Each structure stands twice: as C-alpha cells, then as structure tokens.
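*Asks:* Here is what each chain is made of, one letter per residue.
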Amino acid sequence: MLTRRIIPCLDVRDGRVVKGKKFMDIVDVDDPEALGAFYSGAGADELVFYDITASNEARKISLEFIEKVATRINIPFSVGGGVNTIEDFTQILRKGADKVSINSAAVKTPGLITEASLKFGAQCVVLSMDVKWVADGKWRVFIHGGRVDTGLDAVAWAKEGVALGAGELVINSIDADGMKQGYDIELLKAITDQVGVPVIASGGAGKMADFSEAVLKADVDGVLAASVFHYREIEIEALKQDMKRKGIQVRI
Amino acid sequence: MKVIVDYGLGNLKSLQTALTGQGIETVITRDSRMIETADVIFLPGVGAFRDAITSLRSDGLDQVIRDSHDKGAYIVGICLGMQLLYEWSYENGSYQGLGLIPGEIVKLVKMPKIPHMGWNDLTLVGEDPLTKYLKDGDYVYFVHSYYASSSGEEILACTHYGERIPAIVRRGNTIGFQFHPEKSGAVGVRLLKALGEMIG
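Chains as they are written, first to last, in our numbering: chain D, 1 to 252; chain E, 1 to 200.
One chain only, chain E, in its complex shape (with noise of 0.2 Å):
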C-alpha cells in the first residue's frame, strides 16, 4: 500500500490525481497503523514546517515514519514535505525535523522577492533512474521561501535562485522535491512516471 500522509493542513487530492494518472494508486490516511505497512509513504507539501512536524509528532507519526524508512519504504516528500525530510527548520523558529538526509531548512535571501514562485529550470546532476525522463533545462514549478542548506551529495538536479537550490533529492530509500511535480504540466508528469516505474 502507498499512503499520503495527512496533516490535516489543506487539499491533496490534486497530488492523488497526479500520482493515479501515472499509475501510483494512494490512500490519503493520518492512521498510523495504515502507515506503518505502506511500503511507500508520500509527504505532501502544504502548510508551514511547524505545523506539519507538530502533527506529525502529536501521533507518533515522526517515528512511524522513521521506522519504515528503516525498513526500506520509500519515503517522497513534497516542497514542505521534502524539507521534512532534513534535520533542522529554522522556518519562523527552530524545529528538528525527521533526519532521514542531513543538512537544514534555511530562508532564501538572496533574491529581491519572495517567495521563490514560478517556474524556474533544472539543472540535472549525475544520473539516476529517477530523473531519466528529464532534461536540462526543464521547467518546474516552485513555491517556496526556505531551501535546504546541506553538503548537495544527495542532489539529483538543482535551480537557481540566487542560490543553487536543490529540487530533486534521494538518498537510498528516501526521495524529495521542492517543487510541485503535481503542478509541473508535462514535465511533471514525466517525473512521476520514472517514480512509478522505481516504486512500483
């Protein structure tokens, strides 16, 4: 079973629809018994990190992630879910986060405006069967005003913004975008179909 993890922050059934047009059928469940037995776990990307880690934490979730992970579930975070996935937030405080890839959340400053939204191109590093069907040069689309700051050996592609900002990230088992590959159009959806054909 694949599940997408619901804080109860805001909608998700454009990322369900996404990721059903690419044939990865989810629930969209908080219950931590149906989250334990996925063997994929998906973390969207709505609301701030606070809030997110803080529903987590309220049932455990935090550690039921963990485990699994441990136990080789993939684990996909989207935009906040993917900045989850590091150690440390400092968005509006300090906040630990889920650990699974080292390095922490940090605002973008760089840059006259924020947040970082639009589309914006990747740039792709190394070669992984996750990013086979893209390009240099394709165009994504991201809303965000923190990024992760961490030693990039986990970076799959980057953009930029002032700052190289890492969009497609794994490290084993565990897989982030910044992005929104569900509001990406074609190139999103030829993501999603290179992490269908990797997570079955």
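Okay, chain D solo, but in the shape it has when bound (with noise of 0.2 Å):
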C-alpha cells in the first residue's frame, strides 16, 4: 500500500539553510546538502526546501545547492520559494529538484500551474496555500508570506489549482504554525474532501500524536513540520513507530 510521507522542510536563505541549531554533531550545521543526507537517512520520505532568499539576483546563486542536494541525496525532494516564471521551474527541475512549488505567483498568474503542468507533468507541480480563517467564517488564501489576503476562499482555490493542473496541494495553516497545537484538521479535511491529489498538511506540529491525527482525521496524504525535526523534539523513526503502531502505513 501507498505510505503516508514524513517531509522535513527546510527553510534555506543565500544557500544556507536557516535554524538546525540543535545539530552540532553534523559538521557542517547549515549546510543543505549535508542536513538532506542526515534527514534522509534519518527515514524522511522527501524533502523540502523553500528559499527565502530576499533579493532575485541573490537567489539565482543561492539556488546552487540544488545540484549538491540532487547528487547527494537518493530521495525525491520539492524547492518552493520565489518561483514566479516557467524559467523558475526550468531551472530548478533541471538542477535535480523533482517537483516546484509555487506560492504567491499562482494566484496573480494561474495560467503559471497549467503551463509548468503541460511542460513538467503534473506531478512536478505544487501548489502552496497560506490559508487563514476569517471573520466571516471562511478559510481565506493569502500571499507574501501571509500578510496579503487575497479574499481567494480556500476550498475553492484549491479545486481551481487541481483543474488548472497541480498535482499535488501543501496546506499551511497561518493559524496553527508556530502553535504547535497541532495540524488544522478542519481545515485540511475540508480540503482532501474535494480534490483528487495528494494533500501535504503543514504548520502546526508539535507532538507525534499530531501526525496521525492529521492522517486519521484529514486523509492527508503526506506530514510536513520543520523545527519538530530541527530542534530534535521529534526524532523521524521515532514517529513512524507510532504511526505504525496506529494503524497507519509508513515506510519503515
């Protein structure tokens, strides 16, 4: 049977990645590809790595790591992160990503998920949401790194992007991230109730029984966290002994 995946996800800016302060025992701490390797013999199931760099020019060289990564590592993994033209998927595929995410630039430029579709296959292309609840009792998308509301509902957004061509949804909740309290089920349930690809749960984690309620809960297909692993609070194998143990297949 299919697995549900465990996805680290590492924040990297000018080509380092940021936080992992809690692995002093890997030589090189900030590193991509070397916290990759660790990651992926730890027992992650993918990857991802979202660049944060500020400026375009300074992330076309940050974006280098990409190449190291792909040698490096035997896992599939996804980059995100400033991604605003076909060029962007073109460059990042061909440095050895496996799939692009994008972001803020799907919702100014729809047309951008069908043509990296057509050109790449859907399965090379992400479609991250920034979801927030609003007063008006629904889930609302929002950009630039959750500061813009686009008055884009949710749900809808997310059925637009699988008919316009993504082929797989990363949800992340503004209001649970950082809360470690746990996914937003609701939310997410919401979310796999509608569409017919995979759905990645993110923002929230804080303890392992947040993942398989997730996965229980929701029917997402895949956990994505980032200082739960970073931080060490969360060892992977660890979590998929508990997964296991709840009935949930994992690759082990």
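Simulated from the structure, these hints should not be mistaken for lab results.
Quick caveat: nothing in here was measured; it's all calculated off a predicted structure.
Treat the hints loosely; a few may be bogus.
To be verified - For lysine-lysine, the following DSSO-like pairs were computed, each having C-alpha atoms within a straight-line distance of at most 30 Å:
no.: 1; chain 1: E; residue 1: Lys13; chain 2: D; residue 2: Lys60
no.: 2; chain 1: E; residue 1: Lys132; chain 2: D; residue 2: Lys244
no.: 3; chain 1: D; residue 1: Lys119; chain 2: E; residue 2: Lys110
no.: 4; chain 1: E; residue 1: Lys113; chain 2: D; residue 2: Lys246
no.: 5; chain 1: E; residue 1: Lys113; chain 2: D; residue 2: Lys95
no.: 6; chain 1: E; residue 1: Lys135; chain 2: D; residue 2: Lys244
no.: 7; chain 1: D; residue 1: Lys189; chain 2: E; residue 2: Lys110
no.: 8; chain 1: E; residue 1: Lys193; chain 2: D; residue 2: Lys95
no.: 9; chain 1: D; residue 1: Lys159; chain 2: E; residue 2: Lys113
no.: 10; chain 1: D; residue 1: Lys68; chain 2: E; residue 2: Lys193
no.: 11; chain 1: E; residue 1: Lys2; chain 2: D; residue 2: Lys95
no.: 12; chain 1: E; residue 1: Lys135; chain 2: D; residue 2: Lys246
no.: 13; chain 1: E; residue 1: Lys107; chain 2: D; residue 2: Lys189
no.: 14; chain 1: D; residue 1: Lys138; chain 2: D; residue 2: Lys180
What the hints assert, rightly or not - Under 8 Å between C-beta atoms, here's a sample of chain D residues computed to sit facing chain E:
no.: 15; residue: Thr3
no.: 16; residue: Asp98
no.: 17; residue: Asp221
Unchecked claim - Each pair of labels, with its calculated beta carbon distance range:
no.: 18; chain 1: E; residue 1: Glu25; chain 2: D; residue 2: Glu67; range: 15 to 25 Å
no.: 19; chain 1: E; residue 1: Ile28; chain 2: D; residue 2: Ala58; range: 26 to 36 Å
no.: 20; chain 1: D; residue 1: Gln181; chain 2: E; residue 2: Met1; range: 52 to 62 Å
Just so it is clear, CB atoms sit at the ideal spot from N, CA and C, and this is done for glycine as well.
Hey, can you piece these two chains together into the complex? The hints should help.
*Replies:* This is how it looks when you write it as structure tokens:
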C-alpha cells in the first residue's frame, strides 16, 4: 500500500539552511546537502527546501545548492520560494529537484500552473497555499508570507489549482503555524474531501500524535514539519513507529 | 559503453550519479552513433510519452534502439522510459512505442488520487538475478499516472494501486522500472547493485 509521507521542511537563505541549531553533531550544520543527507538517512520520505533569499539576483546563486543536494541524496525533494516564471521551474528542475512549489505567483498568474503542468507534468507542480480563518467564517488564501489577504476562498482555490494542473497541494495553516497545537484538521479535511490529488499538511505539528491525527482525521497523504525535526524534539524513526502502531502505513 | 539517452526534457544527473555509485559508468547523449555502439542503453523517466517518443523518432533513435536490442544490447527503461518499451501508449492520445514488450500504457483510473505518487511496496514474482537483493515489502518511490497493461509474463515485481501495477519488468535483454530507483533510498541502491552485476 502507498505509505503516508513524513516531510521535513528546510528554509534556505543565500544557499545556507536557516535553523538547525541542534545539529551540532553534524559537521556543517547549515549546509543543505549535509542536512538533507542526514534527514534522508534518518528516514524522511521526502524533503522540501524553501528558499527565503530576499532578492532575485541573490536567489540565482542561492539555488546552486539544488545540484549538490540532487547528487547527494536519493529520496525525492521539492524546492519552493520566489518561483514566479516558467523559467524558474525550468532552472530548478534542471538542477535536479523533483518538484517545484508555487504560492503567491500562482494566485497572481494562475496560468503558470497550467503551463508548468503541461510542460513538466502535473507531478512536478506543487501548489502551496497559506490559509487563514477570517471573521466571516471562511478560510482565505493569503500571499506574500501571509501578509496579504487575496480574498480567495481556500477550498475553492484548492479545487481550481487542481483543475489548472497542480499535482499536489501543500496546505499551510497560518493560524496553526508555530503554535505546536496540531494541524488545522477542519481546514485539511475540507480540502481532502474536495480534491483528487495528494494533500500535504503543514503548520502546527508539536507532538507525535499530531501527525497521526492529520492522517486519520483529515486523510492527508503527507505531513510536513520543520522545527520539531530541526530541534530534534521528534525523531522520524520514532514517529513512524508511533504512526504504525496506530495502523497507519509508513515506510520503515 | 553505456549511455543514458537525453530526450532534452530534464535532469538526468540524479540517475547518472546513482548508477555511478554502483560502478555503472554512463555517458548522457542523444548522438545516434554513440547510442548505436552502446552495450547498455538507459531510457530515463522525464516528460510526457508523446514528447519523448517524438524526440526519439526525430533523430531515428527509435530504430537505433530497436536494432541495438536485436543485437543483444540491454535496454533499460525507467518510469516513462519503461513505458516507452511497450507497443502503445494512450497518454493524451494514441502513440506507438518501441514495441520491445507486448502490452500498452493506460491511465490509472481506479483510485481517487492520481498521480500515484509516493512510496509503495513491492511484491516479487518469480526469481531473477535483477531482484536477488530485494524482498517482498521493500518500498520504492513511484510517480506516474499511467501504467503498463499486459499479459504479465514480463513482471518480476509489482505493486498495487487500485490494480496490479508492473513495477519491475524484464523480457530477455529488455528491462524496465516503473518507479525511480535513483530516488528509492537504500532499496534503489540494492536494485542498481544487482543491475550493475548483471550488465557488467
């Protein structure tokens, strides 16, 4: 059976990993290649690198880490952050990433999803969405790092993104992010009920039970987290054993 | 010489690196003279069926590959490359493949989520040097929306996603992997080790 995926997310700035202070036992703690290899060996099913380099010029240099990661690790990985054009897709995939995730640019230029999907295949195109619950009882899509309300309904945008050609969705809850109180189950369920592509939960993981809850209650295909892995509050192997005990198919 | 055929569609470095790790040295090329003289021809797994077969035909590489096959060269297809080995594909149309294995490529329809993307387990069928380091339940990484529908005689390992999906196939000197061994962690490494021992 197809397993649920455990996905550590690494923020990269100027070609170096931000966070990761608890990895002092690794020689080069902020090297994307070394940290990627560590996670791959620790049982991660997939990795996400999110480039937060500020300027477009600096990002071109920053993204050179992709080639090194691609030759070092033998599990799939995606790259996101600052992806605005079909040329960005081409560059990132050519350097060896398996998937590219788009966020703000997809809202501004939805045709980009379709163009990328036709050119590279839907499996390469990940639509990442930052979602926040607003006062009128709806989930809305926010862009530019959660600062701008697009007015788009999250469930409607998820469906549209898939119709346009996205092969996977990453749903990041702004409300849950950083709170360590668990994923936004209601939001995730509202989306998995409506789309026919894999959905990855993001934002809110604090303890092992949170991961299983997202799978069991919201039927997500993968669970993404950053700090609980980077600060070694949760070890991936132990997490997988915990999920397996709860009847979830995982790769062990 | 061993070659990875470049259809001009994407990154082939990960595959090349993984092969090198098992002592399989390759050259990435689309030069028909080089491909003609190769004793092993890898067809990688990037892009859509139509684009890949069109790219091969435009330089007459489809015939070069078939001729090499007839002369005994190993033809190894990965993901889309495996699908190219069959007779027909119905991916967004109807396209003739290389025809080295009887069967056709059809869309996955029985599961609610397509593509079939992620880690799935293998069930081994029979014995073969290619699968000697693998065992039932080993997980490998799949990404595909179409699969090979055939009599099944060529299957060495399959997985299940709504239906039986040929995962490792072999017909004489023609070999195919529906998943990505270069992205399949330690299991992928074991498979490529066996492949390396087989193809020298």
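*Asks:* Taking the earlier hints as the rules, which of them does this structure contradict?
*Replies:* none
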